[in-house]
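Peer 1: Spelled out from the first residue to the last, the chains are:
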Amino acid sequence: MAKEPITPDTQEESSETLTRRKLLAWLTGMGVFGSVTVSAFSNFVFIKPRVTYGQPNRFSIGKPDAYPPGSRLTLDARRICVVRDGNRMAAISTTCTHLGCIVATSETGFACPCHGSRYDQDGTVTGGPAPRALPWYQVSLAPNGELEVDKDIEIEQGTYFNV
Amino acid sequence: MSNQSASPWSVITELPGNIWKSIFRNPLPDSDHGRSATSFTNFFLHMQPVKVHRHSLRLTYTWGLGLISLFLFLILAVTGVLLMFYYVPSTTQAYDRMLDLRGTVAFGIFLRNMHRWAAHGMVAVVFLHMCRVFFTGAYKKPREFNWVVGVGLFLLTMFSSFTGYLLPWDQLAFWAITVGTSIASYAPVFGKDVKFLLLGDSSVGQEALLRFYVLHVAVLPILVTLLVAIHFWRVRKDGGLSRPPEEDEVFPAPAVEPIAVTAAAGATGATVAVAAPKATLTAKLQQKLYGIQGIVRGPFTKIGNVPDRTVFSWPNLVRSELLVFLITVAGVLIVSLYFNAPLEEPVNIMHPPNPAKAPWYFLGLQEMVSYSAFWGGVGIPTLEVIILLLAPYLDRKPGGVGKWFARERLLANSLFMTFVVVNIVLMVIGTFFRGPNWEFVSPW
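Chains as they are written, first to last, in our numbering: chain A, 94 to 256; chain B, 319 to 762.
Check the hints yourself; a few may be wrong.
Here are the simulated distance ranges between beta carbons [as the list claims (entries may be wrong)]:
no., chain 1, residue 1, chain 2, residue 2, range
1, B, A648, A, T201, 51 to 59 Å
2, A, F126, B, F362, 31 to 39 Å
3, B, Y404, A, G122, 35 to 43 Å
4, B, Y656, A, E241, 30 to 38 Å
5, A, G155, B, F657, 45 to 53 Å
6, B, F758, A, I246, 52 to 60 Å
7, B, V512, A, G251, 31 to 39 Å
8, A, T201, B, W722, 54 to 62 Å
9, B, C449, A, R225, 34 to 42 Å
10, A, R225, B, F425, 43 to 51 Å
Calculated from the structure, these hints are not laboratory results. In this text, a Cβ means the ideal position worked out from N, Cα and C, and glycines have one as well.
Just chain A, with the same shape it has in the complex (with noise of 0.2 Å):
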C-alpha cells in the first residue's frame, strides 16, 4: 500500500540527463524565442524612419546683409533667432527647452507661451520650469556668400560668427 507509485518516464530519466529529445525540444524553444525577439526588434528598425521629409537641420538664411547691426529677428518656420551685434553674428534656438514651444521674443530675451519659462538675451533660464538654456547653432558662410545655419550642431553660448 505504502510503496511509491511506478512512474516510469522519470525514473529512466533522471532531470539532469540529456537525451536527445530534451536537447531537440530545447533547441526548437531557443529558435522559437530568438526568432520572436529579432522580429520584435526588425519591427523597431523598420519603423525608424531612415530619411525624414520635414524640414532640413542645414539651411541658408540669406547674406549677411539682411541683418543690421544690433538686430534680433525670429525666422518662425526655422525656429531660431539671428542675432547680429556689430559684425558677430550667431542663431539661438527659439524651441523652448521645456516642452518644445516656440518662444516668444521678450523685453528682457524670451518667454514661453506654454508653461510660463523666461530667458535673457543669450538664452540662458532665468524663471520657469525650463531645464536648460536655449541652444546656439553653428552659423558659417556659404561659397556664395549666404549664412548657413546647422542645427545639427550646438555650439558653446556666445560663440559668435565675425562676418
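Given the structure of chain A, go ahead and fit chain B onto it with the hints provided.
Peer 2: Showing chain B alone in chain A's frame:
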C-alpha cells in the same frame, strides 16, 4: 412532423418561420430549461453565464460602469469607421476634411460629435470603473491579474485618445501633441528615441500625423479588443463579479472537511458525515466543482445544497444590459445634439495658442509638468502606474471584498482616495486656474 407532407404551398407559407427558427433555434423561453438553452445556444449570450448571482445585478454595486465603457468603445468603433470614409491623414487635407464634415457630409458633424464625446466619456467612465473596482476590493485574489489587464485598458484608452487628438490638425491638436511628445522625450535612456519613433521626425509634421492615424485606427483598437476579450473571459472564469462571502459558502474550505457518504451498513440509507480518509483527494475536490461544460476551478455557482442566490441571465441580466446600452447611446446622442466638438484654427506653427492646453484629462499631467518636466511628466506618472499595477500584489489581506468602502480596507481605500482626489484637484487647477504663460488666474 409536418415535414412528411410538405406541400409546395406550405414550403412558401412556412418559409419565414423556418428561416427564423434556423437562426434562433430556441423559441422565447417559458421554462427554466428554455432560459438556460437561450443563453447557451446564442453566440452573443453564451459569453455570459446561464445563471448570474443576484449581487452582480445590483445597480448600486457596479453602477454599470464596465458595461458603459464597453458600449462607449463600440460607439467609438462604429462612428470611427464611418469617419474614416472621409478622413485623409495629410497635413494639407486633414483640416479641410474636418470642415467638410461640418459643411457637406451628411450627418458628418453629428458623427464627429458622437466620436468626440464618446471618447471623453470613455476616459471618464473607465477611470470611474477603476475606482469602483478598487473601493469594492474587487481586485483581490483570484482577480489580481484582471486588475492588471484593466490598468492596461485604462492606459490604452488614454493613448487612443491622445493619438486621436492630433487628427483634426488644428491648433489644439498640434500644440497638445508637441507638448505631449516632448514630455515623452524626458524619459530616461529611451525618451528621445520614443519621441522620434512616435513622430517619425524631429518635430510634429506629416510623418507624425500618419503614424498617429495608424496607431489610432488600427494598432490601438486591436489591442483594446484583445484586452477586453481577456478581461471578460477572466470575469467569467473567476466566477462572475466579486461579491461578499456568504455564510454557507463552501470556499474557502476548512482544514478537515467531513464528506457526506451514504452509510452502506445502515438499512435506512441515512447520510452521515465521516472524517475524510483521503485528505488530499477531498482538497482537490473542493478546488473543483463540476460546471456545465467541465471542471471549473474557484468559486462557482453551487447547486443543490445551499440556498440559490442566482437568477437566470435570460431575461434578468440581458434586460439590465440592454437598459445600460440604451442609456449610454441616448446619453451620447443627446450630448452630440446639443454640443459641437470643438475645432480651432488650422495649424499655425508660428503661433502657439497661449496658454496651450491639452485635453482636460491630461491637464493634471500638464499642471505637474509645469513644475518639473521629468518628475511631473515621466517620474510621478510612471510611479503611479507601477503602484496601480502592483496594487493587488501589495494588498494581500483577504477581507472586505464585494462591499463599497469596507471597514477592513480603510487604509487601502484612503490611499486610493488620496490618489484620486490629488489627480482631480490637479486637473481642476490646470483646467480653470491657469491662464496665459500658465500663470495662476482666477476663473471668477
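Peer 1: For every hint, state whether the structure bears it out.
Peer 2: Hint-by-hint comparison with the structure:
Taking the beta carbon of each, B/A648 and A/T201 are about 55 Å apart, inside 51 to 59 Å as hinted. Remark: the range hint 31 to 39 Å for A/F126 to B/F362 is upheld by a beta-carbon distance near 38 Å. Here the CB-CB span from B/Y404 to A/G122 is close to 49 Å, at odds with the stated 35 to 43 Å. Evaluation of the 30 to 38 Å hint for B/Y656 and A/E241 yields a failure: the beta carbon distance comes to about 55 Å.
Distance hint check: the CB atoms of A/G155 and B/F657 are about 48 Å apart, consistent with the given range 45 to 53 Å. For B/F758 and A/I246, the Cβ-Cβ distance of about 39 Å falls outside the hinted range of 52 to 60 Å, so the restraint is violated. Hint check: B/V512 to A/G251, Cβ distance near 33 Å, so the stated range 31 to 39 Å holds. Checking the proposed 54 to 62 Å range against A/T201 and B/W722 shows it holds: the Cβ atoms sit about 55 Å from each other.
Checked against the hint of 34 to 42 Å, the pair B/C449 and A/R225 passes, with Cβ atoms roughly 39 Å apart. Against the hinted window of 43 to 51 Å, the Cβ-Cβ separation of A/R225 and B/F425 comes to about 50 Å, which satisfies the hint.
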